[in-house]
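Here the protein sequences come in this chain order: D and R. Under this note's numbering, the first sequence has 30 at position 30, and the numbering climbs by one with no breaks. Under this note's numbering, the second sequence has 83 at position 83, and the numbering climbs by one with no breaks.
Heads up, a few of these hints could be off.
Put simply, identical chains are the same to the list, so a pair is met inside one copy or across any two.
[Unchecked claim] Below, simulated DMTMM-like cross-link-like pairs (lysine to aspartate or glutamate); rule was C-alpha separation at most 25 Å, straight line:
1. Lys268 with Glu190
2. Lys205 with Glu118
3. Lys99 with Asp270
4. Lys92 with Glu172
5. Lys14 with Asp62
Keep in mind the hints are simulated off the structure, nothing from the lab.
There are 2 protein chains.
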Amino acid sequence: MPIEIQNLTKIFRKATALDQVSLTLGENRIYGLLGNNGAGKSTLLSIIADRQLPNKGCVLLDGEPVHNNDHALHKLFLVGDQNLFPSDLKVKKAFAAAKLFYPEFDLPYAESLAEKFELKTNKKISSLSTGYASIFRLILGLAVNTPYLFFDEPVLGLDAQHRDLFYRLLMEKYAERPCTIVVSTHLIAEIANLVEHTVMIRRGKVIRDCPTEELMAAAYSVCGPAAQLDHYLTGKAVLSSRILGGLKTACVQGTPEAEPPTGLEFSKLDLQAYFISLMEEENPL
Amino acid sequence: MPIEIQNLTKIFRKATALDQVSLTLGENRIYGLLGNNGAGKSTLLSIIADRQLPNKGCVLLDGEPVHNNDHALHKLFLVGDQNLFPSDLKVKKAFAAAKLFYPEFDLPYAESLAEKFELKTNKKISSLSTGYASIFRLILGLAVNTPYLFFDEPVLGLDAQHRDLFYRLLMEKYAERPCTIVVSTHLIAEIANLVEHTVMIRRGKVIRDCPTEELMAAAYSVCGPAAQLDHYLTGKAVLSSRILGGLKTACVQGTPEAEPPTGLEFSKLDLQAYFISLMEEENPL
Numbered sequence: 001m002p003i004e005i006q007n008l009t010k011i012f013r014k015a016t017a018l019d020q021v022s023l024t025l026g027e028n029r030i031y032g033l034l035g036n037n038g039a040g041k042s043t044l045l046s047i048i049a050d051r052q053l054p055n056k057g058c059v060l061l062d063g064e065p066v067h068n069n070d071h072a073l074h075k076l077f078l079v080g081d082q083n084l085f086p087s088d089l090k091v092k093k094a095f096a097a098a099k100l101f102y103p104e105f106d107l108p109y110a111e112s113l114a115e116k117f118e119l120k121t122n123k124k125i126s127s128l129s130t131g132y133a134s135i136f137r138l139i140l141g142l143a144v145n146t147p148y149l150f151f152d153e154p155v156l157g158l159d160a161q162h163r164d165l166f167y168r169l170l171m172e173k174y175a176e177r178p179c180t181i182v183v184s185t186h187l188i189a190e191i192a193n194l195v196e197h198t199v200m201i202r203r204g205k206v207i208r209d210c211p212t213e214e215l216m217a218a219a220y221s222v223c224g225p226a227a228q229l230d231h232y233l234t235g236k237a238v239l240s241s242r243i244l245g246g247l248k249t250a251c252v253q254g255t256p257e258a259e260p261p262t263g264l265e266f267s268k269l270d271l272q273a274y275f276i277s278l279m280e281e282e283n284p285l
Numbered sequence: 001m002p003i004e005i006q007n008l009t010k011i012f013r014k015a016t017a018l019d020q021v022s023l024t025l026g027e028n029r030i031y032g033l034l035g036n037n038g039a040g041k042s043t044l045l046s047i048i049a050d051r052q053l054p055n056k057g058c059v060l061l062d063g064e065p066v067h068n069n070d071h072a073l074h075k076l077f078l079v080g081d082q083n084l085f086p087s088d089l090k091v092k093k094a095f096a097a098a099k100l101f102y103p104e105f106d107l108p109y110a111e112s113l114a115e116k117f118e119l120k121t122n123k124k125i126s127s128l129s130t131g132y133a134s135i136f137r138l139i140l141g142l143a144v145n146t147p148y149l150f151f152d153e154p155v156l157g158l159d160a161q162h163r164d165l166f167y168r169l170l171m172e173k174y175a176e177r178p179c180t181i182v183v184s185t186h187l188i189a190e191i192a193n194l195v196e197h198t199v200m201i202r203r204g205k206v207i208r209d210c211p212t213e214e215l216m217a218a219a220y221s222v223c224g225p226a227a228q229l230d231h232y233l234t235g236k237a238v239l240s241s242r243i244l245g246g247l248k249t250a251c252v253q254g255t256p257e258a259e260p261p262t263g264l265e266f267s268k269l270d271l272q273a274y275f276i277s278l279m280e281e282e283n284p285l
């Protein structure tokens, strides 16, 4: 049980950011951590990386508490939105510094990635644009070679070409040197094929925690004329529905019948649509 | 010819941001403006809105130059990344101020949108998170009711639920009160179904400018065993190709044959994949 998150609660002045969160992150698997802004994703990740303390609960890595534990903390790396280096440091110096902290950091690989992304390594970190600041941080993550790797919104501000490059590099890395990767992102559709296990949190609570395939089999989409569809939906667990010009589409929890009633059509849900449906469940428009 | 962009060139100290860009933006249509970071999209939009001056060329709106022309400028609104209000102003005061500048600004609608997005209108603009700063600006755009509307990265930092809400509101608005909308975004897949006309720019030059449907019919994807595919590709205009475990996929400019050769498979390209292919054309990995 490589990472055990036990009963974490974190309270800020007014708000409960995490509410008794327990999770197990297994070895050599890619996790998607999904949640809306303010759901508690970044707080969770920064507690795992011991950058914040919880009010209650603890995080164990290979059985050891991470808090104030250099031995455990050297096994993980969090690519977050904070820059941990002095901001007037140049990119190439930051790569060299990373090598001092993380002996497995692959300096030539980091430099080759900088070239691929056209990140100028003689620039100061503070002078990077939103997109290039993201690129700088995700290169650190791709090159650091710790057994546990956390990415918090790694592609913020990246264009489609650079996002695509990042996803391909991540898969390459994972194939060559398997490790535990947790990606927290709002671009759910783009990582749906990468994540083997999905964790969804809402308002500080875990609402889903299972293999992505299993999750996707737990609901389906059905579409048809509104009156007919409403009849079909009676007694079913409807997560969300929409009407566009007389045609209604609903997302339903459960397994569809072998054949849809005449006039209706079943289809598979995609992960992002399913996520949105779950988020809307208690917040209908 | 509502907006005529004539031969715009913009040079910054070292770089040519726009290189003789000419475009016509027709009435009551939704445009997608696509390009990588640094391609010149934001520069183009801010020149259209007269927030920057070009080195050469001009922008005409309904036949009048926009530069220093209040009459023309009141017909357009740019939702950009800059906040144009004093940053210690509260959101609700900013809405009221927008009404002074743009008489058609729909104040009750803006307030109802703030409620839908859970934007607290008694907050100062400066205190909003990245996501809520985006939400504040896109509400201004949705409520302003000018005949020309430009969105520059409107969904930066928004979670999937809020992005989905924005796209739906935009379509609703467009259906109720047609206008010319230009959306510049890196999340191409998400707007592919909304944009009727696509403009792609690369390194300051327009490389595509045509109806989205026409654009998508101009290329296709083909997949199969590498050796077989390479044989098929001989003499064809290959935009990009990838290998994953012996299976190769290529994006080809042109129209596919009625039937693929045995062992190969044709499929339609999606707009984001096509965009990435075009961007890679001269920058192979």
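How the hints compare with the structure:
Taking the shortest Cα distances, Lys268 and Glu190 sit within 25 Å of each other both inside one copy (17 Å) and across copies (18 Å). Taking the shortest alpha-carbon separations for Lys205 and Glu118, only the inter-copy value of 20 Å comes in at or below 25 Å, while the best intra-copy value is 39 Å. Taking CA atoms no more than 25 Å apart as the test, Lys99 paired with Asp270 passes in neither setting, with 40 Å inside one copy and 40 Å between copies. When the C-alpha separation of Lys92 and Glu172 is checked against a cutoff of 25 Å, the pair qualifies only within one copy, where the shortest distance is 23 Å, while the shortest distance between copies is 49 Å.
Taking the shortest Cα distances, Lys14 and Asp62 never come within 25 Å of each other, neither inside one copy (34 Å) nor across copies (52 Å).
Violation of the numbered hints given earlier is confined to hints 3, 5; the remaining hints are satisfied by the structure.
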